[in-house]
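**Student:** Construct the complete structure from the given sequences, taking the supplied hints into account.
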Amino acid sequence: MNEEKYIEEQVGRRNPFTVPEGYFDTFADQLMASLPERQPRTKYVWLRPLRYAAAVVCVLAMGAMTWFALSSSPDVRQPIQAEAIQVSSDVAFDEAADYAMIDNYDIYACLSEE
Amino acid sequence: MTDERELFAQLKDPKQQHAAFGLIVRQYSEQLYWQIRRIVLTHEDANDVMQNTFLKAWNRLDSFQGESKILTWLSRIAINESLDFLRRNNHPTVSTEDESSISQMLQADPYFDGSEVEAMLQEAIATLPDVQRSVFLLRYYDEMKYSEISQILNTSEGALKASYHIAVKKISDFFKSRD
Chain D
1 MNEEKYIEEQ VGRRNPFTVP EGYFDTFADQ LMASLPERQP RTKYVWLRPL RYAAAVVCVL
61 AMGAMTWFAL SSSPDVRQPI QAEAIQVSSD VAFDEAADYA MIDNYDIYAC LSEE
Chain P
1 MTDERELFAQ LKDPKQQHAA FGLIVRQYSE QLYWQIRRIV LTHEDANDVM QNTFLKAWNR
61 LDSFQGESKI LTWLSRIAIN ESLDFLRRNN HPTVSTEDES SISQMLQADP YFDGSEVEAM
121 LQEAIATLPD VQRSVFLLRY YDEMKYSEIS QILNTSEGAL KASYHIAVKK ISDFFKSRD
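Top line first, the protein sequences correspond to chains D and P. For the first sequence, our numbering gives the first residue as 1, with consecutive numbering after it. For the second sequence, our numbering gives the first residue as 1, with consecutive numbering after it.
For the record, the hints were derived by calculation from the structure and aren't laboratory data. Since the structure is predicted, the reported quantities are computational estimates derived from the model, not experimental observations. Beta carbons: idealized from backbone N, C-alpha and C, even for Gly. Misleading hints may appear alongside valid ones.
[Claimed, not checked] FRET-style restraints, in silico, Cβ to Cβ: (1) Y6/D / Q17/P: 43 to 53 Å; (2) Q107/P / Y6/D: 36 to 46 Å; (3) K176/P / R38/D: 47 to 57 Å; (4) N89/P / A54/D: 39 to 49 Å; (5) M65/D / F64/P: 40 to 50 Å; (6) E67/P / E9/D: 32 to 42 Å; (7) D25/D / S101/P: 29 to 39 Å; (8) D25/D / K176/P: 39 to 49 Å; (9) T66/D / K69/P: 44 to 54 Å; (10) Y6/D / K15/P: 53 to 63 Å; (11) Y6/D / D142/P: 50 to 60 Å.
[To be verified] Short, incomplete list of chain P residues facing chain D, as computed with Cβ under 7 Å: (12) G22; (13) L23; (14) R26; (15) E30; (16) W58; (17) Y111; (18) G114; (19) E116; (20) L121; (21) K169; (22) F175.
**Tutor:** Given below as structure tokens:
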């Protein structure tokens with residue numbers, strides 16, 4: 001059976017709630033009497049778009065400055081990369097030497113014979 | 001009944017808005033009251049929430065740009081105020097253990113003249129989460145179209161249809177378990 005129909009057959013759609021007599025007749029008058037004065041909107045509403053635009057410009061300017069600062073000295077990075085490469089090749093050599101079970105004296109001897 | 005556009009124009013005119021607001025209070029208060037009452041259940045609470053609803057609408061007149069009908073706008077505020085009221089007053093979704101207290105409270109309420117079964121329906125509705133409860137009440141009692149409910153609850157029609165069917169299923173099961 002359609003479940004909505006089942007509920008309707010069990011209960012119906014009648015509104016079981018009631019209100020005090022005359023409630024709706026007096027509600028509007030009581031509410032209107034208690035409404036506060038409305039505050040007029042600010043005269044300078046037209047300035048709001050300008051404020052938003054100014055905020056956007058500031059954010060863009062800060063972003064541009066940061067980008068330029070980070071990309072302004074590319075040469076600084078190269079020595080650091082060269083040093084990194086040097087360190088890794090030394091480490092690889094040491095590891096190879098350990099594996100071959102040769103020490104520094106053997107290496108010196110080998111090199112002096114060449 | 002004053003034309004919607006005419007009323008909107010009056011609401012936007014500082015010289016006429018007080019009178020125009022009085023018109024919309026008289027025109028829509030009863031309909032809004034029942035939307036509120038079905039959520040908060042007691043007359044005292046419904047009266048408080050309805051006053052807050054109109055006060056909020058009065059304070060927000062400037063932000064209403066006529067993007068929806070006046071009643072839709074008011075209903076949105078009313079439903080949100082009602083649900084906020086329940087949350088503030090520690091009325092979370094009623095658990096199954098608390099169901100009988102709602103029914104008993106209603107049957108003892110002088111402003112409830114429903115039967116025991118009608119009180120049980122209110123119990124079942126009180127167990128639903130906010131969206132399911134709201135869409136069930138607006139659809140079942142007010143027979144509102146999904147397109148209108150969508151504007152009030154700011155939820156897609158598809159989601160509302162799903163919520164409604166889930167709500168109906170839960171309420172149906174609630175009654176069947178008590179047969």
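**Student:** Compare the structure with each hint and give your call.
**Tutor:** Results of checking the hints against the structure:
1. Y6/D / Q17/P: 43 to 53 Å: holds, 48 Å
2. Q107/P / Y6/D: 36 to 46 Å: Since the Cβ atoms of Q107/P and Y6/D sit about 23 Å apart, the hinted range of 36 to 46 Å is violated.
3. K176/P / R38/D: 47 to 57 Å: Hint holds: Cβ distance 52 Å, inside 47 to 57 Å.
4. N89/P / A54/D: 39 to 49 Å: holds, 44 Å
5. M65/D / F64/P: 40 to 50 Å: holds, 42 Å
6. E67/P / E9/D: 32 to 42 Å: holds, 40 Å
7. D25/D / S101/P: 29 to 39 Å: holds, 33 Å
8. D25/D / K176/P: 39 to 49 Å: Taking Cβ atoms as reference, D25/D and K176/P lie about 42 Å apart, which means the hint holds.
9. T66/D / K69/P: 44 to 54 Å: Taking Cβ atoms as reference, T66/D and K69/P lie about 49 Å apart, which means the hint holds.
10. Y6/D / K15/P: 53 to 63 Å: Given about 55 Å between the Cβ atoms, the range holds.
11. Y6/D / D142/P: 50 to 60 Å: violated, 20 Å
12. G22: With a minimum Cβ separation of about 5 Å from chain D (threshold 7 Å), the hint on G22/P holds.
13. L23: violated, 9 Å
14. R26: With a closest approach of 5 Å, the R26/P hint holds.
15. E30: holds, 5 Å
16. W58: holds, 6 Å
17. Y111: It holds, given that the least Cβ distance between Y111/P and chain D is near 5 Å, below 7 Å.
18. G114: Constraint on G114/P satisfied, holds at 3 Å.
19. E116: violated, 10 Å
20. L121: holds, 5 Å
21. K169: Nearest chain D Cβ about 6 Å off; hint holds.
22. F175: Constraint on F175/P satisfied, holds at 5 Å.
The structure does not agree with the numbered hints 2, 11, 13 and 19 stated previously, though it agrees with the rest.
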